[in-house]
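Novice: Sequence:
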Amino acid sequence: MEEDYGYRRTAKIALVAIMVLASVAVFALLVVFAYYCYILNKVSNRRKSLKKVEDANLNEKSDFANLQVVAEKGLQVFTFKQLHSATGGFSKSNVIGHGGFGLVYRGVLNDGRKVAIKFMDQAGKQGEEEFKVEVELLTRLHSPYLLALLGYCSDSNHKLLVYEFMANGGLQEHLYPVSNSIITPVKLDWETRLRIALEAAKGLEYLHEHVSPPVIHRDFKSSNILLDKKFHAKVSDFGLAKLGPDRAGGHVSTRVLGTQGYVAPEYALTGHLTTKSDVYSYGVVLLELLTGRVPVDMKRPPGEGVLVSWALPLLTDREKVVKIMDPSLEGQYSMKEVVQVAAIAAMCVQPEADYRPLMADVVQSLVPLVKTQRSPSKVGSCSSFNSPKLSPGPTF
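When we follow our numbering, the leftmost residue of the sequence shown carries the number -18, and every step to the right adds one.
Please keep in mind that the hints were generated in silico from the structure rather than gathered at the bench. All values reported here derive from a predicted model rather than from experimental measurement. There may be inaccurate statements among the hints.
[As the list claims (entries may be wrong)] Below 27 Å or equal to it, Euclidean Cα-Cα: the simulated BS3-like pairs (lysine-lysine) are:
#1 K95 x K211
#2 K211 x K168
#3 K210 x K352
#4 K317 x K352
#5 K280 x K168
#6 K210 x K73
#7 K317 x K280
#8 K317 x K304
#9 K301 x K280
#10 K211 x K301
#11 K211 x K62
#12 K168 x K62
#13 K95 x K73
#14 K95 x K168
[Unchecked claim] Beta-carbon label-pair distances, calculated as ranges:
#15 S66 x L339: 41 to 49 Å
#16 G312 x D209: 23 to 31 Å
#17 K210 x G69: 18 to 26 Å
#18 V277 x Q354: 28 to 36 Å
#19 S315 x D278: 25 to 33 Å
#20 E285 x D209: 31 to 39 Å
#21 S309 x V287: 20 to 28 Å
#22 Q57 x D335: 38 to 46 Å
#23 G286 x N138: 39 to 47 Å
#24 N91 x D335: 51 to 59 Å
#25 S72 x E318: 42 to 50 Å
#26 H139 x S193: 28 to 36 Å
#27 R299 x G70: 50 to 58 Å
#28 G284 x L56: 16 to 24 Å
Glycine included, C-beta positions come from ideal geometry on N, C-alpha and C.
When you get a sec, could you build the whole thing from the sequences and use the hints?
Specialist: Set out below in structure tokens:
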């Protein structure tokens, strides 16, 4: 009897031990499986994160990247042969501009019109992106303060854009020496500088205030302000443009692009792009008009290499602001107007984006200072960007 009891007791203990060991084993397996899933998920997320960074840095797609280029009303489709003929076989003597995108040529069409022809570099995707952006944007945007796109050529081997011709080239070439410039620089008087400042401001105002969602230029600079034979200004080069956020106070996140010296600090640091980023760039151009200096020139004396850093402390001091004025003006300006323009520039280049004015406010401040303005015309129009094909970048 006792032996039978002992056997049952031993069997019971063994069963309990087996159950405990089995539970521990199952628990251990669950822990191992959970850890494996955790590691797998972490690796997967890491790969996705790296892929996103890689995509952003190496192959950023613009808002317009998936658009098909189509002929729009009023936009002429040229053959490569036509443009080859218009430029004398793309003769070096007809080169009027150059950059990372390729070369710009002076041309004459069969009907006698003078045009500027941008030959897009097909070596990389950036040229393809810029081509699509410019065609899509400029067929929808219509303002006397934006450079007009007349047509394009697009085949498997060539991408070219045809613009109205601006006889006096870029503003930059008339403010300070530019290497490889084919334009004969003209000394710009104070009145002409004011008018250029106003017309360039109206171009940005149109992009920011009269388009929905707004268009952010992203590469606004003096070389992208083109001048016609009467030195009227138009904003050009929309290859880096982005659609802004629909809601006020929002931003789009994007890889930092632009030109050194013109890029707003918050955009350079975070990649957060807003219309106020363009306002900062406009402020730098105002400083160029005031001083005749390059935005970044490290050959200058210590403290004067970066235009904004050097000029900002002097802009709001009536006694000191005269020290920054372009010597080529030879004092031929109204000190009252200089003080007002300097104050506008100071607001535009504020480090905090929220403290910068809207371009509409800048325009209203400049209008009373400009004596000879372009004849009245409509602000312009634009086809709606609110379509499935055109969506702004992510907003936060």
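Novice: Please go over all the hints and tell whether each is borne out by the structure.
Specialist: Outcome of the hint check:
1. For the suggested pair K95 and K211, the alpha carbons sit about 16 Å apart, so the restraint of at most 27 Å is met.
2. Between K211 and K168 the CA atoms are separated by roughly 13 Å; this keeps the pair inside 27 Å, and the hint holds.
3. Taking the CA atoms of K210 and K352, the gap is about 19 Å. The hint holds against a cut of 27 Å.
4. At most 27 Å may separate the alpha-carbon atoms for a hinted pair to count; K317 and K352 meet this at roughly 14 Å.
5. For a cut-off of 27 Å, the pair hint linking K280 to K168 stands: about 23 Å separates their Cα positions.
6. Our distance criterion of 27 Å between C-alpha atoms is met by K210 and K73, whose separation comes to about 23 Å.
7. The hinted pair formed by K317 and K280 fails the criterion: a straight-line CA distance of about 32 Å is larger than 27 Å.
8. For the hint linking K317 to K304, the alpha-carbon distance of about 15 Å falls within 27 Å, and the restraint holds.
9. Under the criterion of a C-alpha separation no larger than 27 Å, the hint pairing K301 with K280 is consistent with the structure, at around 23 Å.
10. A C-alpha spacing of about 33 Å is found between K211 and K301, which places the hinted pair above 27 Å, so the restraint is violated.
11. Using a Cα cut-off of 27 Å, the hinted pair K211 and K62 is violated, with the two alpha carbons roughly 32 Å apart.
12. As the CA atoms of K168 and K62 are separated by approximately 39 Å, the hinted pair breaks the 27 Å bound.
13. Distance restraint check for K95 and K73: the Cα-Cα separation of roughly 17 Å lies within the 27 Å cut-off, and the hinted pair is therefore satisfied.
14. The straight-line distance between the Cα atoms of K95 and K168 is roughly 25 Å, inside the 27 Å bound, and the hint therefore holds.
15. For S66 and L339, the hinted distance range of 41 to 49 Å is satisfied, since their beta carbons lie about 46 Å from each other.
16. Look at G312 against D209: about 28 Å separates their beta carbons, and that is inside 23 to 31 Å.
17. One distance hint, 18 to 26 Å for the beta-carbon pair K210 and G69, holds here, with the actual separation near 22 Å.
18. Taking 28 to 36 Å as the suggested C-beta distance range, the pair V277 and Q354 conforms, at roughly 32 Å.
19. Between S315 and D278 the beta carbons are some 28 Å apart, a value that agrees with the proposed interval 25 to 33 Å.
20. A C-beta distance of roughly 33 Å is found between E285 and D209, which places it inside the suggested range of 31 to 39 Å.
21. For the pair S309 and V287, the beta carbons lie near 21 Å from each other, so the given range of 20 to 28 Å is met.
22. Distance hint check for Q57 and D335: the Cβ-Cβ separation is about 44 Å, which falls inside the suggested range of 38 to 46 Å.
23. Under the hint 39 to 47 Å, the C-beta atoms of G286 and N138, about 43 Å apart, fit the expected range.
24. At about 52 Å, the CB distance of N91 to D335 agrees with the hint of 51 to 59 Å.
25. Between S72 and E318 the Cβ separation comes to about 44 Å, which falls inside the hinted range of 42 to 50 Å.
26. Between H139 and S193 the CB atoms are about 34 Å apart, so this pair conforms to the stated range of 28 to 36 Å.
27. Checked against the given bound of 50 to 58 Å, the beta carbons of R299 and G70, roughly 56 Å apart, stay inside it.
28. In this structure the hint that G284 and L56 lie 16 to 24 Å apart at CB is violated, the actual value being about 49 Å.
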